[in-house]
Amino acid sequence: MTGRENGQRQQGSRTSMHEATADDQHADRPHPRELAAIRAAVADLLSALPQRPQRLRVSIADVTIDLDWRTLPGPAVPQPAPVVPTPAAVGDGTSGTSTPVTPSVTDPPAPGPDQQPHYVCAPTVGTFYHAPQPGAPSFVETGTAVTAGQQVGIVEAMKLMLPVVSDRAGTVAEILVADGTSVEYGERLIALGPANDEQPQAE
Amino acid sequence: MMNSRKRSDMFRKLLIANRGEIALRVVRACREMGIRSVAVYSTRDRDSAAVRLSDESVHIGPPAPKKSYLNAAAILEAAALTGADAIHPGYGFLSEDPDFAEACEKAGIVFVGPPTAAMRQLGAKHSARALASEVGLPLLPGSLEPLDDEAAFDLACDIGFPVIVKASAGGGGRGMAVAESADEFPQVFRETRATARMLFGDDVVYVEKFLRPARHVEIQVLCDGHGGALHLGARDCSIQRRHQKLVEESPAPGLPASLLSEMGQASVRAALAAGYEGAGTFEFLAAPDGSYYFMEVNCRIQVEHPVTEMVTGIDLVAEQLWIASGHPLRLTQEQVTARGVAIECRINAEDPAHGFSPAPGVIRDFNPPGGPFVRVDTHIRPGEAIAPEYDSLLAKLIAWAPNREEAIARMQRALGEFRINSDNVRTTKDFLQEIMADQRFRLASHSTTMVEQLLESPANDRSLT
Chain A
1 MTGRENGQRQ QGSRTSMHEA TADDQHADRP HPRELAAIRA AVADLLSALP QRPQRLRVSI
61 ADVTIDLDWR TLPGPAVPQP APVVPTPAAV GDGTSGTSTP VTPSVTDPPA PGPDQQPHYV
121 CAPTVGTFYH APQPGAPSFV ETGTAVTAGQ QVGIVEAMKL MLPVVSDRAG TVAEILVADG
181 TSVEYGERLI ALGPANDEQP QAE
Chain B
1 MMNSRKRSDM FRKLLIANRG EIALRVVRAC REMGIRSVAV YSTRDRDSAA VRLSDESVHI
61 GPPAPKKSYL NAAAILEAAA LTGADAIHPG YGFLSEDPDF AEACEKAGIV FVGPPTAAMR
121 QLGAKHSARA LASEVGLPLL PGSLEPLDDE AAFDLACDIG FPVIVKASAG GGGRGMAVAE
181 SADEFPQVFR ETRATARMLF GDDVVYVEKF LRPARHVEIQ VLCDGHGGAL HLGARDCSIQ
241 RRHQKLVEES PAPGLPASLL SEMGQASVRA ALAAGYEGAG TFEFLAAPDG SYYFMEVNCR
301 IQVEHPVTEM VTGIDLVAEQ LWIASGHPLR LTQEQVTARG VAIECRINAE DPAHGFSPAP
361 GVIRDFNPPG GPFVRVDTHI RPGEAIAPEY DSLLAKLIAW APNREEAIAR MQRALGEFRI
421 NSDNVRTTKD FLQEIMADQR FRLASHSTTM VEQLLESPAN DRSLT
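In the order they appear, the protein sequences are chains A and B. No gaps in the numbering here: position 26 of the first sequence is 26 in the working numbering, and each next residue is one more. No gaps in the numbering here: position 421 of the second sequence is 421 in the working numbering, and each next residue is one more.
Next up, chain A with everything else stripped away, as it sits in the complex:
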């Protein structure tokens, strides 16, 4: 239970905000009361964060919440450990609690100078594969530059092969889940670092 509580505090705040705003789908513009609720939820979120972000943007229709963690150049500030729940396997049969799961979109990036890791997440429950077939080379390796829309893996659900596609350009920082592992919907599979713009594609 501790992992869930520690790892999900930020998510909890964000979830409630998401829900408050999603209810506005029925109205053309949000009610003042709802705006007040959103403001309160944002204040809650900020107070729950381990570190104050540089910028926070909230847009209402379709709900965008943008946190900018870039730190200004200057003396190095000790960074708190990134709040990243481990994508643990489900059903270990011992915990007796639910497994913490990451949301599917806009994960809070781990703080770091000029580092905004982005996560490619599982499109469904199933088994994650690194390669198109056993023995074949993996779609990507650590360090591979990927473009938006590029396939980076497969999740197999009921004999259906669903491509895992990167939703943005970047460089594979880490493959977080081993080949052939069961994953839940929205589980983080691959961490992407920024695309290296100065260095044109080597190949």
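Calculated directly from the structure, the hints in this document are not laboratory data. Computed from a prediction, not measured in an experiment: that's the story for all the values here. Don't take each hint at face value.
What the hints assert, rightly or not - Taking lysine-lysine pairs in the BS3-like style, the calculated list, with each CA pair at most 25 Å apart, reads:
1. 429(B) <-> 159(A)
2. 159(A) <-> 67(B)
3. 13(B) <-> 106(B)
4. 13(B) <-> 159(A)
5. 66(B) <-> 159(A)
Assemble chain B onto chain A, guided by the hints.
Relative to chain A, chain B alone:
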């Protein structure tokens, strides 16, 4: 023909393919029976009561039901992932989908519900009617076969207006409409077909006489698949809005015991003829002249099952699991006795002043009633967001008493204690109080049109503040 597992064992691990109060209800049954429970949840429900109280949980998809609770592949993957040996589908979602039941069977997982063939036959309303007619259940005048426009019009004129057009694949009060006259009929027929195609992907509709006034009375049955079958008495569910139930009670008041017993026996006969297994409900309309007519079968646990539990003392979900794990019934018809009266009120996030339109939002205060013989089945906590994607049921409030008068008084007391506050969520709570106070309901002279009459009554200005 479920699978090769040893059928006398109880399940070790059960996955609940549902959300809300019914998921919690099944989690609780599992806990009491020593079965490990697995909740599946959409992103919206990540902190739900079922997720918190189950032994394990699996995130199966985004909020949209199609991508989560209706996503058979994701649910079966979750079962494989956790090693669940059975799936309880709850009500709604995949509970009456024979294709899903079949997929479970193929995957070697027990589906807690009737066999696929029985589900197919009883699930489609026109084939259920055909079966009912074979075993001698009285049917309202109408069609047994799917009809084209012209034949339907001729039939409607033959049986006389008003008639009701129903989607064969329909359920939960959706996909049906009443035609009051021949002028209205062609349009109602076309629209119902279009609605059926849109909602259920199947535009087969049928036509039957619309009985008015009438009471909605249903019989709960249990069948074990070994030839054992019994009924657990009747529920009256006549208080409805838009063909959806608001108040249910057991036993059905003001109807002769001989009639109810006849309906019970007829239902058991029909269930056995269909090869039914598990808990099911046979729905009837009862006319003021003492006649009754078969409507449809619900092949699942129902929202209103607690009223039957409260008067019989039988845990229906536990019996479902007992039967699905291959056991013969552990009760006989003689052992089923009903004591007293139980009433259930559905507290929905809906605005009675605006046609019971769903009113989603965040619940600020939520303080359910307690006290003697009061049961509240709910998944709501203070701060809970009522999502627009799912149904509007917030809580089922059930009150038991030795007789109907005291049960109504207890329900009024409990409704009065129930505190739900929200900036934008409207609920049916106050409207339910009006029903409890209404003479027609108190004297059990109500019918399926009572909610409409209450709303139309000019003395009744219902502008909620």
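Taking each numbered hint in turn, which are not upheld by the structure, reported in ascending numerical order?
Structure breaks hint 1 only.
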